[in-house]
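Numbering (my numbering), first residue to last: 1 to 179.
Careful: at least some of the hints might be erroneous.
[What the hints assert, rightly or not] Capping the alpha-carbon separation at 25 Å, the derived lysine-lysine pairs in BS3-like fashion look like this: (1) Lys75 - Lys145; (2) Lys102 - Lys75; (3) Lys117 - Lys4; (4) Lys117 - Lys102; (5) Lys117 - Lys75; (6) Lys103 - Lys179; (7) Lys31 - Lys87; (8) Lys145 - Lys87; (9) Lys145 - Lys131; (10) Lys117 - Lys2; (11) Lys165 - Lys117; (12) Lys117 - Lys87; (13) Lys131 - Lys75; (14) Lys145 - Lys165; (15) Lys75 - Lys146; (16) Lys75 - Lys4; (17) Lys102 - Lys165; (18) Lys179 - Lys131; (19) Lys87 - Lys102; (20) Lys117 - Lys131; (21) Lys75 - Lys103; (22) Lys146 - Lys103; (23) Lys179 - Lys165; (24) Lys103 - Lys165; (25) Lys103 - Lys145; (26) Lys75 - Lys165; (27) Lys2 - Lys102; (28) Lys146 - Lys102; (29) Lys7 - Lys31; (30) Lys146 - Lys165; (31) Lys117 - Lys103; (32) Lys75 - Lys31; (33) Lys75 - Lys87; (34) Lys87 - Lys103; (35) Lys87 - Lys165; (36) Lys87 - Lys146; (37) Lys4 - Lys31.
Hints were generated in silico from the structure; no laboratory data involved.
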Amino acid sequence: MKLKLLKRTNLYQGRVFNVIVDDVEYPSGNKSVREVAEHIGGAVVLAVFPDEEILLINQHRYPFDEFIWELPAGKLNVGEDPLECAKRELEEETGYRADHWKKLTAIYTTPGFCSEKLHIYLATQLTSAPKGRQLEEGELTMTMKKLPLTEAIMMIERQEIVDGKTICGVLLGERMLRK
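Using the sequences plus the hints, can you model the full thing?
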């Protein structure tokens with residue numbers, strides 16, 4: 001179903017996302033409003049060591065005022081290739097680099113109101129980055145741990161990992177590694 005755009009209003013331009021309100025018309029002639037959180041997208045990394053241990057980060061998420069377990073990830077810069085973003089975020093958040101990369105999938109995080117698209121990568125053949133972790137100010141309380149992939153799956157089952165991109169990356173990555 002194609003909606004006819006009648007009017008677009010850019011309500012807010014932010015650092016992370018913009019808010020757009022569109023007045024639209026259905027093919028029937030009825031009118032409606034669509035509100036969109038416009039987001040540039042990002043990249044997510046499932047970093048796997050030869051012994052099938054992975055890296056998780058634990059960081060504070062302001063909307064929930066909680067620390068949650070996640071895969072390393074970050075927002076794309078304007079014009080940035082998602083793989084380059086994944087490489088940058090892996091090094092900044094974990095202090096590791098990877099020699100082998102495979103794209104697992106791309107997901108729409110909340111397609112009902114947000115344009116965010118996340119590219120999820122499997123990273124293997126990991127080595128320590130020369131500079132180590134390079135955290136931004138908002139990430140200074142972020143911790144990291146290395147744990148077996150099977151333990152991460154159990155954390156998902158116990159609802160200790162509740163982040164959608166992490167659930168997708170861990171479960172799809174585990175499935176790909178089994179092939």
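Verification of the hints:
Taken as a hint, the Lys75 and Lys145 pair is honoured in the structure, with Cα atoms around 22 Å apart against an allowance of 25 Å. Pair hint Lys102 plus Lys75 holds up; C-alpha atoms about 19 Å apart against a cutoff of 25 Å. Straight-line distance between C-alpha atoms of Lys117 and Lys4 comes to about 23 Å, which keeps the hinted pair within the 25 Å bound. Proposed proximity of Lys117 and Lys102 is supported: the alpha carbons are some 17 Å apart, at most 25 Å.
Annotation: proposed proximity of Lys117 to Lys75 holds, straight-line Cα distance about 10 Å (limit 25 Å). As the CA atoms of Lys103 and Lys179 are separated by approximately 15 Å, the hinted pair is consistent with the 25 Å bound. Straight-line distance between C-alpha atoms of Lys31 and Lys87 comes to about 44 Å, which puts the hinted pair past the 25 Å bound. For the hint pairing Lys145 with Lys87, the CA-to-CA distance comes to about 18 Å; that is within 25 Å, so the pair holds.
Straight-line distance between C-alpha atoms of Lys145 and Lys131 comes to about 18 Å, which keeps the hinted pair within the 25 Å bound. A distance of roughly 21 Å separates the Cα atoms of Lys117 and Lys2; the hinted pair therefore holds under the 25 Å criterion. Under the criterion of a C-alpha separation no larger than 25 Å, the hint pairing Lys165 with Lys117 is consistent with the structure, at around 10 Å. For the suggested pair Lys117 and Lys87, the alpha carbons sit about 17 Å apart, so the restraint of at most 25 Å is met.
Taking the CA atoms of Lys131 and Lys75, the gap is about 21 Å. The hint holds against a cut of 25 Å. Proposed proximity of Lys145 and Lys165 is supported: the alpha carbons are some 18 Å apart, at most 25 Å. A C-alpha spacing of about 23 Å is found between Lys75 and Lys146, which places the hinted pair at or below 25 Å, so the restraint holds. The straight-line distance between the Cα atoms of Lys75 and Lys4 is roughly 30 Å, outside the 25 Å bound, and the hint therefore fails.
A threshold of 25 Å between alpha carbons decides the hint, and for Lys102 with Lys165 the separation of about 16 Å falls inside it, so the pair holds. The hinted pair formed by Lys179 and Lys131 fails the criterion: a straight-line CA distance of about 34 Å is larger than 25 Å. Restraint check for Lys87 and Lys102: satisfied, since their Cα atoms lie roughly 12 Å apart, inside the 25 Å limit. Restraint check: the Cα-Cα separation between Lys117 and Lys131 comes to about 29 Å, which exceeds 25 Å; the hinted pair is violated.
Restraint check: the Cα-Cα separation between Lys75 and Lys103 comes to about 17 Å, which is no more than 25 Å; the hinted pair holds. Distance hint between Lys146 and Lys103 is fulfilled; the C-alpha atoms sit about 21 Å from each other, no more than 25 Å. Using a Cα cut-off of 25 Å, the hinted pair Lys179 and Lys165 holds, with the two alpha carbons roughly 21 Å apart. As the CA atoms of Lys103 and Lys165 are separated by approximately 14 Å, the hinted pair is consistent with the 25 Å bound.
Between Lys103 and Lys145 the CA atoms are separated by roughly 23 Å; this keeps the pair inside 25 Å, and the hint holds. The hinted pair formed by Lys75 and Lys165 meets the criterion: a straight-line CA distance of about 13 Å does not exceed 25 Å. A distance of roughly 34 Å separates the Cα atoms of Lys2 and Lys102; the hinted pair therefore is violated under the 25 Å criterion. Only pairs whose Cα atoms come within 25 Å are accepted, and Lys146 paired with Lys102 is accepted, the gap being roughly 20 Å.
Using a Cα cut-off of 25 Å, the hinted pair Lys7 and Lys31 holds, with the two alpha carbons roughly 11 Å apart. For a cut-off of 25 Å, the pair hint linking Lys146 to Lys165 stands: about 18 Å separates their Cα positions. For the given pair, Lys117 sits about 14 Å from Lys103 by alpha-carbon distance, which is consistent with the 25 Å threshold. Between Lys75 and Lys31 the alpha-carbon distance is near 34 Å, which puts this suggested pair outside the 25 Å criterion.
Distance restraint check for Lys75 and Lys87: the Cα-Cα separation of roughly 12 Å lies within the 25 Å cut-off, and the hinted pair is therefore satisfied. For the proposed pair Lys87 and Lys103, the alpha carbon gap of about 12 Å is at most 25 Å, so the pair holds. About 17 Å separates the Cα atoms of Lys87 and Lys165, which keeps this hinted pair within 25 Å; it holds. Among the hinted pairs, Lys87 with Lys146 is consistent with the structure: their alpha-carbon atoms are about 18 Å apart, no more than 25 Å.
Proposed proximity of Lys4 and Lys31 is supported: the alpha carbons are some 9 Å apart, at most 25 Å.
Consistency note: the structure conflicts with the earlier hints numbered 7, 16, 18, 20, 27, 32.
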